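Novice: The lines below spell out each chain.
Number of protein chains: 2
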Amino acid sequence: MGKRIVIIGGVAAGPKAACRVKRVMPDADVTLIDQDSLISYGGCGIPYYVSGDVADEKELRSTSFHMLRDEYFFEKAKGVKTLTSTRALLINRREKFVTLENVRSGERSNISYDNLMIATGSQPVVLPIPGKDADGVFTISDLHKAIEIKDRIARGGVGKAVVIGGGAIGIEMAEALTDLWGVETAIVEYMDQLLPRIVDWPMAEALAQHLREHNVEVFLGEPAAEILEKDGKAVGVRTARRTLEADMVIMAAGVRPRSQLARDAGLHVSDLGAIVVNERMQTSDPSIYAAGDCVEIRHLVTGKNLFAPLGSLANKEGRVAADNMAGIPSIFRGGIASFVMKAFDMSIGATGISLETARAEGFEADVSLTAPSDRAHFFPGSAIVCLEMVFDRRTRRVLGLQGIGPMNDALSVRLDAAAVAISAGATIETFTNMEMAYAPPFSTAIDAINAAAYVAENLCDGRMRQITLRSYVDWLADFSSRPDWVALDVRHVKQAEPLVGKFGPEKWLSVPYEEVRDRYRELPQDKTLIIICNAGSRSFEVQVFLDSVGWKNTMVMPGGFNLIRRMDASLMA
Amino acid sequence: MGKRIVIIGGVAAGPKAACRVKRVMPDADVTLIDQDSLISYGGCGIPYYVSGDVADEKELRSTSFHMLRDEYFFEKAKGVKTLTSTRALLINRREKFVTLENVRSGERSNISYDNLMIATGSQPVVLPIPGKDADGVFTISDLHKAIEIKDRIARGGVGKAVVIGGGAIGIEMAEALTDLWGVETAIVEYMDQLLPRIVDWPMAEALAQHLREHNVEVFLGEPAAEILEKDGKAVGVRTARRTLEADMVIMAAGVRPRSQLARDAGLHVSDLGAIVVNERMQTSDPSIYAAGDCVEIRHLVTGKNLFAPLGSLANKEGRVAADNMAGIPSIFRGGIASFVMKAFDMSIGATGISLETARAEGFEADVSLTAPSDRAHFFPGSAIVCLEMVFDRRTRRVLGLQGIGPMNDALSVRLDAAAVAISAGATIETFTNMEMAYAPPFSTAIDAINAAAYVAENLCDGRMRQITLRSYVDWLADFSSRPDWVALDVRHVKQAEPLVGKFGPEKWLSVPYEEVRDRYRELPQDKTLIIICNAGSRSFEVQVFLDSVGWKNTMVMPGGFNLIRRMDASLMA
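Quick note, the sequences are listed as chains A and B, same order. Positions 0 to 572 (numbering that gives the first Met the number 0) are the ones given, in order, by the first sequence. Positions 0 to 572 (numbering that gives the first Met the number 0) are the ones given, in order, by the second sequence.
What the hints contain is simulated information worked out from the structure, not anything from laboratory work. Take these hints with a grain of salt, some might be off.
The list makes no distinction among identical chains, and a pair is therefore deemed to hold if it is satisfied within one copy or across any two copies.
Below 25 angstroms or equal to it, Euclidean Cα-Cα: the simulated SDA-like pairs (lysine to any residue) are [stated by the list, open to error]:
hint	residue 1	residue 2
1	LYS57	PHE502
2	LYS551	ILE327
3	LYS526	LEU475
4	LYS2	LYS303
5	LYS551	ASP28
6	LYS526	LEU271
7	LYS551	ARG469
8	LYS80	HIS491
9	LYS2	ARG211
10	LYS131	LEU219
11	LYS75	VAL543
12	LYS131	HIS491
13	LYS75	ARG464
Predicted model, so just to flag it, every value in this text is computed and none were measured.
Please construct the entire structure, taking both the sequences and the accompanying hints into account.
Specialist: Printed below as a string of structure tokens:
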């Protein structure tokens, strides 16, 4: 018999590694262990199972050729010994064995290894608030919970729900509850935006507005203080500002690495609780590997450690661990936490780091905000994709890209292409000439990603000066905060008219783009002109022209109406 | 007045450069010249205008904010002097002026320049065959022709059409004629596949089958010998094998650079007729630039010169030329001819070079062929995307990626991400860990592009041996050509059954994937087993297992039924 490889954890990285080892080292003796009875499921599919898009939980556990990934599958098809409902209690590193316990019978046994791999994943954070253990409070920790949630809704009796946490899982669950089941759902988020630290405020605002348009209430900057109970059942959630009724509470307040076993074995674990591994996915004990949600990897932008519990990374890490256990030198350089999600009719995603993170990391960071068409504007079905490109003014390196788009792959195209370049440390100039396959049904001759880079370049080179969206929104809400600012709306007169009417012709000037060269002398020179169009590009051209004739006190409103109306339709009505 | 910049050519690179110059050097005196009356149109949109997807040709000439890009627009909005219906007759390089002729009045004049830019584009190849000048024979050279084609069809009387040339424009026109107007359309292509030199045979076959399924006749390896005429009107096309009736003939036999003006001026022009430029888009005369379809650029994979008449490249080249004319140092490194197109319900595209090209260029090239799901297979609407990754076995460099997918952005996502890496000279290992944003509605945890790289890696490392699709198809058509070959179908018994019935149990063995470990001793060792599944991955696993137990005479059928049934449904019925 060959090398004895024991893998603890059977959801993503574990099964991937087990199967890969058997492929590259067929005589290896591979054992896959999980404390759960259900293994190798697509955890990211849980919201779609709850919503009903995926009818049966078995689909989440099946291959594309419709075979259930159960013990039989791993044993027969993959040649991997599979012990489910089996908990790993402790690792004896000196004698190289793991003590196991059958969670049903309580029976204990030891299993020896030449290489051990820990793929214990992550666990949901349970907020230490009153009522957290009430009936009807759920975390999205495993498939059993998902089944229980869906069963409970299907049986009726869930009319209102509160999701605690405005991260991806919380939002996906809110959509599932609202859209398919008609449950009145509210999200309460501790931070002052959705998807905190993942996207910046403009994109998060657009997401929040979209959720509200789809009947999900969103309360930001409101930590859940208490889950209200009645007879042991959850009946509501109280925040500092309000009390929300709820028959069901989803606690989606993030996840943390499940690393107690590693810690108990004396392996190096970070302050945040993630197992520390090298580029071969080796822990501080060279015969023990780890991969998936329980580890931290290297962030390819910041160079720091990154805890990124993503199924895409878990599988790649698992494969690299497997290769190394099988004697094939293989490297996992790190990641940049590329992320995308569906929210009703929109997609939102990010790769690399946000502006907020970039500034915290000490970059001289700035952003280009654009809102062009995802494909030829004359092609039926074209839509706007809003992109924020984060870059370092000093080095011109692109640090991140985030955006919102229609509910198709239009955003993914740009994120994935950007991720390749960002992972390689590319500068803005790589993006200006990035070659995106073009035909009118798919993109534009100057692709959205090129356009984003053009703006970044113009900003870096001092050819463009912009207002931040925060300042713009604040000013719109209260002109007296900046009495010297005046809007210059360069769209068609008909488009500007309602706003001229609303704000008055002193505050809202209307000079169409193509008339500025002839009429610029009408514009005040003692005011700051906020130049506004639909996407930002006409505004930039007008700024450049006004600069050339001495009207230099201007700022472009980046992304234009295409973006701002997605953030708050009422502001621009 | 500032620098005098004259730009000849007003479709893509020319207008782009004119506007960019005015933005970065607002006091420049920029003149844009075109012999046509219609300028700055989306030429790639012509097939969608003919089909009716785009109702009015003006949409192809309008901005996303619905302004017509005519002389008024360029003068007023952009500050660019615009001379349409004006032909550039000759360039006097010594005295730096261009002699112009008004094509209506015949009036001549000279215009002086400090920098000149040539953006004269390309012109369709007119095959020197009898009947080429008959009424009803069209090339897709400009918007006027497109308008004439559409008018003629709309007036009725076009019941049958023949498209000469199976490149992108020919195929797009065939779709436009068939799908929207119900014209019975045939494509005749000189080479033995569609999209020759752009994609390899498997993808081209899948495209041909798809076109045939949508009532487009496709005749390959059949040069058009003659256009038949009656009373000066085209009535058919004759090839060596058949005569096709036609009321309209579209000649789409490729394009060549329009470079006579440059050649007459003594500028360096390549043997193929393309203007030679450096990385600043400068011609052999440092004060003259050129960009767009009339130039050749550097191919970033082969390092050789590339003539790639693509709108996406034209715009980027134009911008770089503009920057340099305005004194901003800017570089266009080259391109890899990324390409994508719609063909009815499918998309097809490529980036980098094909296997055929790679071998001709001396690479030790091989391909990975895969056919996985474009998004989580359990997510509604998921579809198969077939990818061919071309790589060099010696250096492990990825040379190209091509594929077919559903009619959405699923293929573009992979092509565009690949293009970034291929342009940078990346190896297979960059692709195995390429981070693609994942959520079930968008992709799979192991993305299709990762899976393609896994297969390439397994091929390079000698863990996988595959049959070429040509050999497979030849063998299926005539088993006697390879009497020692036997199929091993590892899909479900029910799926294999019809083929066991059709070919007989000696030629078509059925052992399901998950039973191979128990039943491999049933398999013949004196035959070559062609292992077949749906996507190729199970076949690979079976091959690895059989190798480990001494059954080493096997070959994987790459891409499996997912791919082969797209190439020829009848082969697999």
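Novice: Give a verdict on every hint.
Specialist: Checked hints:
1. Taking the shortest Cα distances, LYS57 and PHE502 never come within 25 angstroms of each other, neither inside one copy (57 angstroms) nor across copies (35 angstroms).
2. Within a single copy, LYS551 and ILE327 get their C-alpha atoms only as close as 61 angstroms, which misses the 25 angstroms cut-off; across copies the closest is 22 angstroms, which meets it.
3. Taking the closest pair of Cα atoms, LYS526 and LEU475 come within 25 angstroms of each other only inside a single copy of the chain (16 angstroms); across copies the shortest separation is 78 angstroms, beyond that limit.
4. For the homomeric pair LYS2 and LYS303, neither the shortest alpha-carbon distance inside one copy (34 angstroms) nor that between copies (49 angstroms) is at most 25 angstroms.
5. Taking CA atoms no more than 25 angstroms apart as the test, LYS551 paired with ASP28 passes between copies only; the shortest distance there is 21 angstroms, against 73 angstroms inside one copy.
6. Taking CA atoms no more than 25 angstroms apart as the test, LYS526 paired with LEU271 passes in neither setting, with 50 angstroms inside one copy and 57 angstroms between copies.
7. Only within a single protomer do LYS551 and ARG469 lie at most 25 angstroms apart by alpha-carbon distance; the minimum there is 22 angstroms, versus 66 angstroms between protomers.
8. Only between protomers do LYS80 and HIS491 lie at most 25 angstroms apart by alpha-carbon distance; the minimum there is 23 angstroms, versus 69 angstroms within a single protomer.
9. For the homomeric pair LYS2 and ARG211, neither the shortest alpha-carbon distance inside one copy (56 angstroms) nor that between copies (54 angstroms) is at most 25 angstroms.
10. Taking identical chains as interchangeable, the C-alpha atoms of LYS131 and LEU219 lie at most 25 angstroms apart only when both belong to the same chain, with a minimum of 20 angstroms there against 69 angstroms between chains.
11. With identical chains, the CA atoms of LYS75 and VAL543 are at most 25 angstroms apart between copies only, with a shortest distance of 15 angstroms across copies and 68 angstroms within one.
12. For the identical chains of this complex, LYS131 and HIS491 are neighbours neither inside a copy (55 angstroms) nor across copies (47 angstroms), given an alpha-carbon limit of 25 angstroms.
13. Taking the shortest Cα distances, LYS75 and ARG464 sit within 25 angstroms of each other only across copies (23 angstroms), while inside one copy they are farther apart (64 angstroms).
Taken one by one, the earlier hints fail for this structure at numbers 1, 4, 6, 9, 12, listed in ascending order.
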